[in-house]
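Enquirer: In order, the protein sequences belong to chains A and B. Counting from 77, one number per residue, gives the positions in the first sequence under this note's numbering. Counting from 5, one number per residue, gives the positions in the second sequence under this note's numbering.
Hints listed in this document are in silico derivations from the structure and should not be mistaken for laboratory results. Among the hints, erroneous ones may be present.
[Stated by the list, open to error] Within a straight-line C-alpha distance of at most 20 Å, the following computed EDC-like cross-link-like pairs (lysine to aspartate or glutamate) qualify: (1) A:LYS450 - B:GLU47; (2) B:LYS13 - A:ASP389; (3) B:LYS9 - A:GLU416; (4) B:LYS30 - A:GLU411; (5) A:LYS439 - B:GLU43; (6) A:LYS450 - B:ASP69.
On a predicted model such as this, the values are computed, not experimentally measured, just so you know.
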Amino acid sequence: MNIKNLTIREVKRGLDKKEFSQEELRQEFLKSIKKKNPDLNAYLSVFKNEEPEVNKGVLAGVPCAIKDNILINGTGCTAASKILENYISTYDATVIKKLRGAGAVFLGKTNLDEFAMGSSTENSAFGPTKNPHDLTRVPGGSSGGSAAAVVAGLSIFALGSDTGGSIRLPASFCGVVGLKPTYGRVSRHGLMAMASSLDQIGPITKNSYDAALVLNIIAGSDKFDSTAVPKEAPDYTSGIDKSIKGLKIGIPKEYFSEGLDGKVNNVIQKAISKLQNLGAEIIDISLPHSEYALASYYIIMPCEVSSNLARYDGIKYGFSAKAKNLIDTYLKSREGGFGEEARRRIMLGTYALSAGYYNAYYKKAQQVRALIKKDFDEAFKKVDVIAGPTAPTVAFKLGEKVKDPLTMYLSDVYTVAINLAGVPALSVPCGFVNNLPVGLQLIGKHFDEAVILRTAHNYEHN
Amino acid sequence: MALSKKDVKHIAKLARLGLSGKEKKKYLKDLGGILDYMEMLNEVDTKNVEPLALVTGLKNVLRKDENFHQLDIEKVKQIISQAAEREDNFIKTKPVLENK
């Protein structure tokens, strides 16, 4: 059985035609994981002993991988942090409940940057994930394990989380589709909170049709997440193959500035020409505050991080250091449990929120955030979709950027503004530079995932 | 904004984060560099701009004041069992107020 390139639709067909059974398929994937995972380190844990059973539903028998910051009741969930090394989830995340209800089969939990903080998956306490296209390179982050698992054929699809590009960047570096839905489209209940006003769960898949199928399952409001918007989700597969003739696609000049690698630019330009050949109208636009997005993001995000990560106190759960009094329990547990980047962001956020600095940093960053959202609102009065590169480069070498935080942060330069504005965006593979994948980023209006999925689907099929 | 060693020590304490001497130096350098980069935000005119936190415009999402959780003693045990120190079905901590 060749499982490497199987899509959700093909699994369904194979099961219907009785070419394989659900359990046979699961065993094939477990075999494949056993063989390839030691080199890739895409999975942190694998569920070997799940009772074989026949699932029913839209995703019946479809094997999937879950980023290890999303809870599955009764199983370990580490967030790739030492502080949660032995933590066992006590409930299912809403997305897990929904996938379970649709019949999906969970293969295991995938590697990430600690608490989803990073752009390369090198910040994992359990070792980096390697890019399946070149084992000396990073898979992108923070959902690097999920993207690597999908492209290496170790899962049909995966879930990731995206706070500033953590689904789209690894999708771009690994050559798969990664979708960050509109903020509020998917419940965050059971996702370990990183930056609550930015976090969103989304699918990593082999094509945009599969992304639509998975979004159909996980989208919707939730009584456990008051930020999940009570707005009915459409069927995202319906109309996905409708032509993009006449669709207005905006190209923001700020996304093609000096930081963009020349060869990546060439690939992106070709992709845009192809969209034009498919009948889309290409329109030059401007998102004037783009250059401030990264600075705004790297204030707002650490502020929220410093607050959210306060819960890891060495008392309720997780790693606990022996100490003589309460304050030392906190200090030592958090010293021993958190890795370098997590600590750096906690420090940065605590500083920005501390007395006397709130207005200069947090308030200022939130005001700039408002202007960034306004840029998108204005642009979407003129166009239906915005297109550009997902990342300024292809996958970089392991160790290349890990010593210099600011250089690493620049990997997110084209993705963070999307989270600040809360709009949906996806990365679709659009070519290679030196045998390494390049991703085209497609951005839509709030709650218009359908139009970017349709654009990507048309791009893939022509 | 120049950051001092004293600031780093103070922030670490606020964040309840133990730091070694070597790390204090490292974070002083790292945070200084990152904060310098943030200075560019001052170029942006934000007069009369309302700060934005929640993009979807939802406000005061309320639900009925009723308990939709069933008390499940097995679940309670499962949750409590994750704590490093415990007694019966309680989490144990060092005293919050100390005798001096």
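Enquirer: It remains to establish, for every hint, whether it holds in the given structure.
Expert: We went through each hint and held it up to the structure:
Proximity of LYS450 of chain A to GLU47 of chain B is assessed by CA-CA distance (about 18 Å); at most 20 Å being required, the pair is judged to hold. Of the pairs offered as hints, the one joining LYS13 of chain B and ASP389 of chain A holds, with about 19 Å between alpha carbons and a cut-off of 20 Å not exceeded. Straight-line distance between C-alpha atoms of LYS9 of chain B and GLU416 of chain A comes to about 18 Å, which keeps the hinted pair within the 20 Å bound. For the suggested pair LYS30 of chain B and GLU411 of chain A, the alpha carbons sit about 15 Å apart, so the restraint of at most 20 Å is met.
The suggested pairing of LYS439 of chain A with GLU43 of chain B holds, with an alpha-carbon distance near 14 Å, which does not exceed 20 Å. Between LYS450 of chain A and ASP69 of chain B the CA atoms are separated by roughly 36 Å; this puts the pair beyond 20 Å, and the hint is violated.
The structure is inconsistent with hint 6 alone, although it conforms to all the rest.
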